[in-house]
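J.: Spelled out from the first residue to the last, the chains are:
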Amino acid sequence: MALGRQNDRKRSLLAVLVTVLLFPCFAHARVDIDPRPVTIDLTWNGADITVTQDFCVVSTAGANPNNNSVIDYAVTITVPLELTDGVNQIPGNFSWVDLTTGVSTPLTAGVSTGEIMTGSTQNCPGGNNARLVAVFPNANITAVPPGFYTQTFDVEVSNSGGGRKRFRNNVTMNLNLPDSIRVSEVDDILLGTYSGADITVTESLCVFRASGGNYGVTVTGSGAGGAFELSNGASVLPFEATWNDGTGAAALAPATLLANRVNAVAGTDTCNNGALNNAELGITLRAADVDLFTTSPGVHTGTVTILVEMQ
Amino acid sequence: MKATKIVNLVAAAGLMASGSAFAATQGTVGATSQGQSVVTVTIPSLIRINGLTDIALGTYAGTGDMSGSSPGAVCTNGATNYGIVATSAAGLFELQPQGAATTTIPYTVTWAGTATPAQLTYNTNEANQDVDATVLGPCAGVAGKLTVDILEADLQAASADDYQDTVILTVTPE
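Line order of the protein sequences matches chains A and B. Using this note's numbering, you'd call the opening residue of the first sequence number 1 and step up by one each time. Using this note's numbering, you'd call the opening residue of the second sequence number 1001 and step up by one each time.
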């Protein structure tokens, strides 16, 4: 009888042990993301910044790391999808790419993608299966002053298993945004047809500086030594040039810096596509020079190269 | 007799050439930035007659012909030849009385546009004249370019008065 009770206890223990061993295989899941954490230092080269980071996202039905029952997972980022210096923001456009299917899904802060992403087993034996893509448009970058911009994005992957069903990875992006300058909204300058009198044409354009500080300008012509000249291959006509930063037209000497210009525009590197143009290049062709130097009629052309620098 | 008055005229023949397609370039954002603009002007074929002066023939002494001249020059921005047409305010080459006289005094006009000066027929193009310069400026006058001659018979036939006309010269590049 004592042996019978021992056998009963053994069977009970065995039942419990079997139950314990069997239960996780059917009721728990596993989700994981690697590498983690991630820190990315960004560099701005005057254009959109595009960031890509690949991950291995494990998403299986079983908690055992060796489980190979792959199930789909979801992605959520809750923090604003932007870089910030604490005052100013650089918004970005984020997306999550399922590298197994090739499908890219836009991300919205605080909104889950739903369990549509293809998971993988431990260590992603077929290679990384996920990619975070972030694009910071150049217009958003030039809209803010120089400084240090950063954000830690809480990338959370999750599935609907009963075990560990969500995992959060911190992806930090840093950007040291330098001061910068740009000349834009430049058009060709058409002096028209000479009719016996001086011709003066002014061309408005945009000088952007991220900090709004002063700038210098150097204008170089296409004549020898940077001379301001128009030519048709046979005759050469000199012309004069001026620069007006809003304080009055100042004479330009060819290939010579005109320093300490003011009224640079900040916040838009195109002056809102020309609506806020803040400088004028003036070109004057003197009748006296046409008389003295034109040796053949026809179209005379030249180029002016405009170089701006921060001061 | 008062001098004839010469009026300068500059005739310009257009030479329009179509321009090529140009494109300005914009600077990029950076530590410095550089853009470029193409500047274009069309210079037509141009001509200038310059350096003319009034011709004061003075008072007729009663005998002999009278002759007077003016300097002048014709300059272009490339053309080497031109045509010239002479007309006058009177509508013909005749000095007009300035007072009560009713007579007129015919005269001839000679232009030294080549090595052989040519007598100009009223309102008739005299072609193939040689330019004095192929730049428009300064176009300084050359002595003896325009000559006016009056014959003794015509002077003796005229009533006492002051006589005047304006010669109009039109030049066109060839």
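No wet-lab data here; the hints were simulated from the structure. No residue lacks a Cβ here, since even glycine has one placed at the ideal position from N, Cα and C. Keep in mind that a hint or two might mislead.
Just the calculated beta-carbon pair ranges, DEER-fashion [to be verified]:
1) B/Asp1054 / A/Ala253: 40 to 50 Å
2) B/Ala1090 / A/Asp198: 53 to 63 Å
3) A/Thr200 / B/Thr1102: 52 to 62 Å
4) B/Thr1134 / A/Gly213: 46 to 56 Å
5) A/Gly246 / B/Asp1054: 10 to 20 Å
Just a few of them, taken from the derived set where beta-carbon distance is under 7 Å, the chain A residues facing chain B [as the list claims (entries may be wrong)]:
6) Ile181
7) Ile189
8) Ala227
9) Leu230
10) Val262
11) Val265
12) Asp269
13) Leu276
14) Glu280
15) Ser296
J.: With reference to the structure, classify each hint as holding or not holding.
T.: For each hint, the structure was consulted:
A C-beta distance of roughly 45 Å is found between aspartate 1054 of chain B and alanine 253 of chain A, which places it inside the suggested range of 40 to 50 Å. The hint said 53 to 63 Å for the Cβ distance between alanine 1090 of chain B and aspartate 198 of chain A, and at roughly 37 Å that hint is violated. Remark: the range hint 52 to 62 Å for threonine 200 of chain A to threonine 1102 of chain B is upheld by a beta-carbon distance near 55 Å. For threonine 1134 of chain B and glycine 213 of chain A, the Cβ-Cβ distance of about 52 Å falls inside the hinted range of 46 to 56 Å, so the restraint holds.
Hint check: glycine 246 of chain A to aspartate 1054 of chain B, Cβ distance near 52 Å, so the stated range 10 to 20 Å is violated. The closest approach between the C-beta of isoleucine 181 of chain A and any C-beta of chain B is roughly 5 Å, which is under the 7 Å cut-off, so the hint is satisfied. Evaluation of the isoleucine 189 of chain A hint against chain B yields a held restraint, the C-beta minimum of about 5 Å falling below 7 Å. Evaluation of the alanine 227 of chain A hint against chain B yields a violated restraint, the C-beta minimum of about 13 Å exceeding 7 Å.
Because the closest C-beta pair between leucine 230 of chain A and chain B is about 6 Å apart, less than 7 Å, the hint holds. The interface hint given for valine 262 of chain A is violated, since its Cβ lies 17 Å from the closest Cβ of chain B, which is over the 7 Å cut-off. With a cut of 7 Å, the hint placing valine 265 of chain A at the interface with chain B is violated, because the nearest CB-to-CB distance is about 12 Å. Hint on aspartate 269 of chain A holds. Least Cβ distance to chain B is approximately 5 Å, under the 7 Å limit.
A least Cβ separation of about 16 Å between leucine 276 of chain A and chain B goes past the 7 Å threshold, and the interface hint is therefore violated. Nearest Cβ of chain B to the Cβ of glutamate 280 of chain A: about 12 Å, over the 7 Å cut. The hint is violated. Against a cut-off of 7 Å between C-beta atoms, the interface hint on serine 296 of chain A holds, since the closest Cβ of chain B lies about 4 Å away.
Going down the numbered hints, you'll see the structure goes against 2, 5, 8, 10, 11, 13, 14, while the others check out.
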